[in-house]
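Peer 1: Take the two lone chains, each set in its own frame, and fit them into one complex as the hints suggest.
Residues per chain, in single letters:
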Amino acid sequence: EAGVAQSPRYKIIEKRQSVAFWCNPISGHATLYWYQQILGQGPKLLIQFQNNGVVDDSQLPKDRFSAERLKGVDSTLKIQPAKLEDSAVYLCASRGLVSNEQFFGPGTRLTVL
Amino acid sequence: DAKTTQPPSMDCAEGRAANLPCNHSTISGNEYVYWYRQIHSQGPQYIIHGLKNNETNEMASLIITEDRKSSTLILPHATLRDTAVYYCIVRVRGGGADGLTFGKGTHLIIQP
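For the record, the sequence lines run as chains C and R.
Just so we're aligned, residue -13 is where the first sequence starts under the numbering used here, counting upward by one.
Just so we're aligned, residue 1498 is where the second sequence starts under the numbering used here, counting upward by one.
Hints in this document: simulated from the structure, not taken from any laboratory.
By construction, the Cβ of each residue, glycine as well, lies at the ideal position given by its N, Cα and C atoms.
It is possible that part of the hints are untrue.
[What the hints assert, rightly or not] Here are the simulated SDA-like pairs of lysine to any residue, each with C-alpha atoms no more than 25 Å apart in a straight line:
1) LYS30(C) to LYS1601(R)
2) LYS1601(R) to GLN23(C)
3) LYS64(C) to ALA1594(R)
4) LYS1601(R) to LEU46(C)
[To be verified] Here are a few chain R residues that face chain C, going by a calculated C-beta distance under 8 Å:
5) PRO1541
6) TYR1584
7) ARG1588
8) VAL1589
[Claimed, not checked] A short list of chain C residues far from chain R (calculated; beta carbon distances all over 10 Å):
9) GLN3
10) VAL5
11) GLN27
12) GLN66
If we strip away everything but chain R, and leave its shape as in the complex, we get (with noise of 0.2 Å):
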């Protein structure tokens, strides 16, 4: 799996917009970016996937670039229960051993 690099931590005002970056200058043409986050004290949730093209949920957006190096995670009104780690995790999408390569992560805080 590609490796993937975060900030180690960001800061956002609640109700504006928290876009979290993720470098994957190394990502293959299979692989699809997945971001998880983990609130203190539970295990990790899925948030959002993709492969090229940008997606949005219910929960965030995801841009990727049209390089695929590099992808933003955004979540349009943070909230202060938006505050987590996040992680960016690269992988080629089903197969047998599918099991998740976390990093470190961006701990993200939402300032009242």
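Chain C with its partners taken away, still in its complex shape (with noise of 0.2 Å):
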């Protein structure tokens, strides 16, 4: 079973510049979250989605951050425009509807000069 796939791995950008990553869930999974961590933290939700709709989306910043996910598959997170202290791996983990376990993916590190 292929795992979750994020793109990009890496990005640098400057601040006050646009981002956006890319993840695509295990198949068949309904719940997709968006986590950021930052450097000697642990990850900290962001966004979940049940299929196309939002869950949980307390913790985004939505002055700058945005995140759909249309077609209730892939999903995307972008932020306009990006701070240094947006500098940070973005996790996204995806759930089965009757699994305990998020499944993670590797994460796009992004820093921003």
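Peer 2: Here is the structure:
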């Protein structure tokens, strides 16, 4: 079974630029999550989707971050404009309907200069 | 979700059992204990979860005290590949919003 795919793996941008990350969850997984992991800390949930609907986006900085999952499969996370403090690894995870286990992708490491 | 407390780091000799403690004294009756680990430069990986009974799978064993205020994750024969940050997470199982709340975890270093 293929795992959660994310791209790109690394991205370097200057502050005030825009950036987008892509996630392809495990086939058939209805629930998709985006987490932000700052160096030295545990991952922090940004947003959770169930199919193409948002379940929880309470910790998403909505002034600059947006995410969508239009067809209930792939998802994109966008930052516009980026700030220095957005430098982090952005992790995507998915979960099947009857499973307790979240499967994580390898993450995208973002560096904002 | 209940808060958890873990030691920031631990060492263990290769081949020995690694015992990782977690304190969750404010756990509620319907909250489960989950363990994930994160190997360097990878995403977190699920290990095991439990409610009140001890659990075992191919990766590890989970021992939960009778009062459920603490638990121990046991890796029975640690290898160098078990070097990782281990996260203990307490949360209600199921429901709608079920994103994981990670703390800083325990950095387990397996020594050759």
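Peer 1: Could you check the structure against the hints above and give me the numbers of any it violates, in ascending order?
Peer 2: 7, 8 and 11
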